[in-house]
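S.K.: The chain contents come next:
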Amino acid sequence: MAHHEITMPITEHEVRALAVDDTVTLHGALFGLRDATQIALFDHGRTTRFDLTGHAVIHTAPNVKKVVPSPAHPAGYEPLCVGTTTSARMERFTRPLMERCGVRIIIGKGGLAADSAAAFRERGGVYLAIVGGAAALETTWVEAIEDVDLDDLNPESLWKFRVRDFGPLRVAMDSRGGNLYAKVDADARGNRAAALAALGVKR
Amino acid sequence: MRIAPERIEEAAKELYVRALRDLPPDIKRGFDALAARETGATAKAVLGTMIQNIAVAERTGNLLCQDTGIPIYNVTIGRDAEVDGVALKAAIRRGCERSTKETPFRSSIVHPLTRANEHTSCGIGIPVIHIDFTDTFAGLRIEMIPKGSGSENNSWLRMAIPAEGVDAIKTFVVDCVLGAGGKTCPPTIVGVGIGGSADVCVHLAKVAATRALGTHCADPDGAELEGLLTNAVNMLGVGPQGLGGDATAFAVHVELAATHITMNPVAVNMQCHSARRSSVVLTADGVEYGY
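Respectively, the protein sequence lines represent chains E and Y. Take the first sequence: its position 74, counting from 1, is numbered 74 in my numbering, and each next residue is one higher. Take the second sequence: its position 114, counting from 1, is numbered 317 in my numbering, and each next residue is one higher.
Check before you lean on any hint, since a few could be wrong.
Only pairs whose alpha carbons sit at most 27 Å apart, straight line, appear in this in silico DSS-like list of lysine-lysine [as the list claims (entries may be wrong)]:
| no. | chain 1 | residue 1 | chain 2 | residue 2 |
| --- | --- | --- | --- | --- |
| 1 | E | Lys65 | Y | Lys304 |
| 2 | E | Lys183 | Y | Lys247 |
| 3 | Y | Lys231 | Y | Lys247 |
| 4 | E | Lys66 | Y | Lys304 |
| 5 | Y | Lys304 | Y | Lys292 |
Hint data in this document are derived by calculation from the structure and do not stem from the laboratory.
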């Protein structure tokens with residue numbers, strides 16, 4: 001259970017060093033995207049001018065305010081409240097994110113499913129669990145919105161954040177087959193019979 | 204007493220942003236109770252982060268969660284309150300839109316087919332407005348709930364049959380909590396609707412999920428079932444954020460309606476740990492905000 005301070009981007013070798021239950025704090029670039037962004041990229045054939053190779057993405061659609069571009073707000077957006085959404089809806093985009101865009105880290109809440117776990121193993125990637133619903137705190141880790149692409153999808157644009165001390169986040173799925181969600185789910189299903197017995201369920 | 208639409212609009216605007224920023228005291232007490240009981244190390248850390256987030260939101264005036272939810276306004280018209288019903292609905296809609304634009308915060312509402320976002324938090328049939336009547340207080344009460352989608356996406360209805368009995372209801376609730384895992388942002392309030400017709404059953408589950416912690420089902424059998432189910436779902440070990448631990452649910456809440464002799468419906472709707480709500484009571488010359 002080591003702690004890692006990581007400045008993005010990251011190499012395959014570095015990401016493969018991360019193991020379930022390690023903690024990670026990120027610095028530098030972080031890309032935000034979610035349902036509509038990935039539907040546009042992977043179903044509708046849209047492209048982005050951003051190079052995501054070796055980078056981390058977070059499942060988000062932030063609350064922002066349009067402002068005049070300035071050194072503090074280079075993209076003309078002030079980040080008001082940046083949080084994290086449920087990852088499971090975006091399960092089928094893990095492979096294209098990794099295979100076509102070179103993404104190494106996905107940050108989200110609630111976890112991803114078996115195919116994402118396999119992709120992390122095969123390609124070298126991890127899922128970092130953030131605490132969902134803790135957006136006021138998460139926003140304090142975001143220094144600025146540096147750039148934005150596919151902004152016609154706002155708020156589901158492709159956001160480029162600059163972050164500092166973003167975390168600690170927990171490695172919940174790693175590249176070695178470690179998967180905290182699968183373990184918790186198996187344990188919980190193992191507790192089902194006892195829970196039903198406590199309720200007096202006969203059948 | 205006549206309640207002017209302008210006052211309702213102002214209240215609707217204020218209620219939305221208040222709900223997004225300020226967690227009700229019963230939910231904060233719920234966090235303290237779960238944290239005190241929690242035995243898992245990861246779960247303790249996760250609950251600690253959630254509690255820290257509440258403090259950061261209060262200190263910075265920021266929203267608790269990025270998800271501004273589906274806006275729901277529950278209006279209760281009390282004794283002596285005179286309102287123009289059509290004007291009331293229009294005023295709530297305007298207040299909802301103004302809150303979104305003037306604060307500003309993210310409009311989370313899109314057309315269900317085109318996915319177009321008008322950036323108003325409004326759309327066809329949204330905000331949801333429920334209207335009811337009571338003789339228990341004077342004036343007009345409006346409750347606002349920004350219902351988060353992570354928990355709302357985990358909603359279920361099962362039209363069980365009488366031969367399956369109460370066991371079907373109990374098993375369904377346990378399996379819904381298992382199936383939801385971390386996707387609902389646990390610890391949750393698990394709302395269970397029992398009885399009624401299909402639509403009433405689902406609505407009851409929402410009423411149950413958004414009720415204040417520490418309140419109980421008015422029906423004694425329903426209240427007893429709440430205690431049993433709360434204990435059972437917290438035996439599963441799903442834990443905060445689905446990362447394992449004791450604190451899977453703050454509570455299971457049950458709401459009941461009578462049903463048909465051939466029916467045994469059960470619905471589950473969940474409220475995430477950011478269990479936000481706000482309320483106001485408008486009287487002839489008074490405005491009192493609460494939760």
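S.K.: Just to be careful, I want the Cα atoms of lysine 183(E) and lysine 247(Y) compared with a cutoff of 27 Å; is the pair within it?
M.R.: Satisfied, since the Cα-Cα distance of roughly 18 Å is no more than 27 Å.
S.K.: Holds or violated: lysine 231(Y) and lysine 247(Y), Cα atoms, limit 27 Å.
M.R.: holds (15 Å)
S.K.: Between lysine 304(Y) and lysine 292(Y), is the straight-line Cα distance small enough, at 27 Å or below?
M.R.: holds (19 Å)
S.K.: With the threshold set at 27 Å, check whether the alpha-carbon distance from lysine 66(E) to lysine 304(Y) stays at or below it.
M.R.: Holds: lysine 66(E) and lysine 304(Y) sit about 11 Å apart, inside 27 Å.
S.K.: Mind checking the alpha carbons of lysine 65(E) and lysine 304(Y) for me, to see if they're no more than 27 Å apart?
M.R.: holds (10 Å)
No hint from the list above goes unmet by this structure.
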